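Protein chains: 2
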Amino acid sequence: MNLDFHVKPEIRILGIDDSALLNEKVMIVGTIFRGGEWIDGVLRSEITRDGLDATEVITTMIKNSRHYGQLRIIMLDGITYGGFNVIDIQELYGETGLPVIVVMRSYPDFEKIRSALRHFSDGEKRWDIIKKAGEIEKIVTGKNETPIYIQKAGIGAKNVEKIIRLTSIRSSIPEPLRVAHLIATGIILGESKGKA
Amino acid sequence: MNLDFHVKPEIRILGIDDSALLNEKVMIVGTIFRGGEWIDGVLRSEITRDGLDATEVITTMIKNSRHYGQLRIIMLDGITYGGFNVIDIQELYGETGLPVIVVMRSYPDFEKIRSALRHFSDGEKRWDIIKKAGEIEKIVTGKNETPIYIQKAGIGAKNVEKIIRLTSIRSSIPEPLRVAHLIATGIILGESKGKA
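Chain order of the listed sequences is A and B. My numbering applies: residue 1196 is where the first sequence begins, and numbers increase by one. My numbering applies: residue 1196 is where the second sequence begins, and numbers increase by one.
Here chain A stands alone, though its shape is the one from the complex:
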């Protein structure tokens, strides 16, 4: 894979968010966008709260989708979903063949995360997955010049910036993640809550 492949304005992007931790199973929602403009599809699956199945569930959800052949990028809202169900972005990239961009609103508090992971018998394994996600970079491209933080797998820094700029047209958060968040909160709580 060429890390600096050509980014078309209508590049198909899957943005994934999770919902509130109300039950043992946590709903995850995927939105398929054409660039930042147009939602083309919605996916839904379930991961285990504080489990370690998120990478596999997301891989399966993507591979089973009729949009799989058109998808070019996966966007995640951080790498811990459904509590501390950490996503291995290198494995997700390897299994799906799709580059991964992780978007965070703030720099993660690793000390707090590491401390929480001490309560898990497999806390070291989870910590290794978090470390494997690589360097965190700060970028400023979205609306209002609000900085966001990113990690990446299978894609170069230039293309990450291009894609973030292409899709962050309504807020500092790329549309596929902003809308996945609206859907996940709206469906579970009855009305969406915006952080974007």
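I should point out that these hints are in silico values taken from the structure, not numbers from a laboratory. Don't take each hint at face value.
No copy labels: a pair is met if it fits in one copy or bridges any two.
Derived DSS-like pairs (lysine-lysine); straight-line CA-CA distance at most 27 Å [as the list claims (entries may be wrong)]:
(1) K1388 - K1258
(2) K1353 - K1307
(3) K1320 - K1353
(4) K1333 - K1220
(5) K1220 - K1353
(6) K1220 - K1388
Every value quoted in this text rests on a predicted model; they were computed, and no experiment measured them.
Since the structure of chain A is already known, use the hints to place chain B on it.
Chain B alone, transformed into the frame defined by chain A:
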């Protein structure tokens, strides 16, 4: 209410669709759009399959929403939701103060509907609600010049056409309904199915 009020490009519209009839309770999804461009919120509620609670459930969902003060239009995908749970659009308009536009992909088969309603002890009451929804007009405004059929309450024909044209930018179906459909099918079935 002036039936030909001014239509702003970012007019807030609530589009409502229902999901597959898998259970006694059927999920309905509302999307709040700014014009045809930008999704601003997601609502979710439940109606009873073949019940007669859709008008009341939708009224409550709207009045409880933090978006209520900004909303200007309700868009429905036909007037029978969750089987034969018919929506009284005059009552919905009266209770919420929001004009209603009903969008249909094809002209309804009233003979078939009336025949199905004979199996309901309150079939006549449901039939009256359907008749009350008024005249069906054919309009051609969306992409590909595909005709759609509409009914309306609290809004004039000119404004209906303006709003359909403003919002039918990706298909012949207005965006609030197209996206509500993607969400409702995606969440219930795991992957959205497009009819638009």
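Here is what the structure says about each hint:
1. K1388 - K1258: between (29 Å within a copy, 16 Å between copies)
2. K1353 - K1307: neither (31 Å within a copy, 58 Å between copies)
3. K1320 - K1353: neither (31 Å within a copy, 63 Å between copies)
4. K1333 - K1220: neither (32 Å within a copy, 46 Å between copies)
5. K1220 - K1353: neither (37 Å within a copy, 48 Å between copies)
6. K1220 - K1388: Classified as both; 20 Å inside a copy, 24 Å across copies.
Figure legend: structure checked against the earlier numbered hints; hints not met, in rising order: 2, 3, 4 and 5.
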